[in-house]
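Q: Sequence:
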Amino acid sequence: MKIVVRSLLKGLAIVLPLIITIELLRWLLTTIESALAPVVQLLIPATWYLPGTAILCFVIACAVIGFSSRWAGVNWLWQLPGKVLMKLPGSKQIYGMLQDLIDVMAGKNFSDGSVVMVKLPSSEIELIGIVTKQGGQAEDRMSSLMQEEQLAVFIPMAYNVGGYTIIVPRSCTRSLDMKPAEALQLVLSGGLGSSKAPGKS
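What the sequence shown shows, in the UniProt record's numbering, is residues 1 to 201, in sequence order.
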């Protein structure tokens, strides 16, 4: 009986993440297609439209927006809707959280050595964190509250979208050869993922 239960659980561990991932992707693509299809059909003849055309147009539009954002004037225009959302109660928290999460996953605004191991005082315990700010930068609100040798480190929590931002001396940290997205995935899964160390197959 134990081998049956064990086999079932192992099978679920293989199948469920696959099904959930596929369903989420299907939902996202279906939402984009259904939302943009009427607009695309107004721009091109109906006989030219094929399933997936709206998704292709969405990808092209994103690439054009990303390319044009290199110019300050155009980038200001693209950033305007986000700035409006950041002013509205409720949407500010949702939009800000999603934007910060995507920035972390993309490695935006992070330099080499952003992922660190933080050693707790008078303890052998260490925590994996992501350096978000460095002290001594007067133009930044968080940084201006810190001393020059201090770092603001975000400590994510396993199986949770939250975490803690702690201010620690630089001497209490050591850099890890890891990208922020990799560190976030590793910590959020509680280290139970199958990711391998760099350079190993």
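Don't take every hint at face value.
What the hints assert, rightly or not - Think about it this way: if two alpha-carbon atoms lie no more than 25 Å apart in a straight line, the pair counts; the simulated DMTMM-like pairs of lysine to aspartate or glutamate are: (1) K87 with D140; (2) K87 with E139; (3) K119 with E139; (4) K92 with E148; (5) K119 with E33; (6) K92 with E139; (7) K2 with E23; (8) K10 with E33; (9) K133 with E182; (10) K119 with E149; (11) K83 with E126; (12) K83 with D140; (13) K83 with E139; (14) K133 with E148; (15) K119 with E148; (16) K119 with D177; (17) K2 with E33; (18) K87 with E23.
Think of the hints as simulated: they come from the structure by calculation, not from any bench.
Q: Now tell me if each hint is right for this structure.
A: Going down the list of hints, with the structure as the test:
no.	hint	verdict
1	K87 with D140	holds (19 Å)
2	K87 with E139	holds (21 Å)
3	K119 with E139	violated (29 Å)
4	K92 with E148	violated (30 Å)
5	K119 with E33	violated (48 Å)
6	K92 with E139	holds (22 Å)
7	K2 with E23	violated (31 Å)
8	K10 with E33	violated (35 Å)
9	K133 with E182	holds (19 Å)
10	K119 with E149	holds (16 Å)
11	K83 with E126	violated (37 Å)
12	K83 with D140	holds (18 Å)
13	K83 with E139	holds (19 Å)
14	K133 with E148	holds (11 Å)
15	K119 with E148	holds (19 Å)
16	K119 with D177	holds (17 Å)
17	K2 with E33	violated (46 Å)
18	K87 with E23	violated (33 Å)
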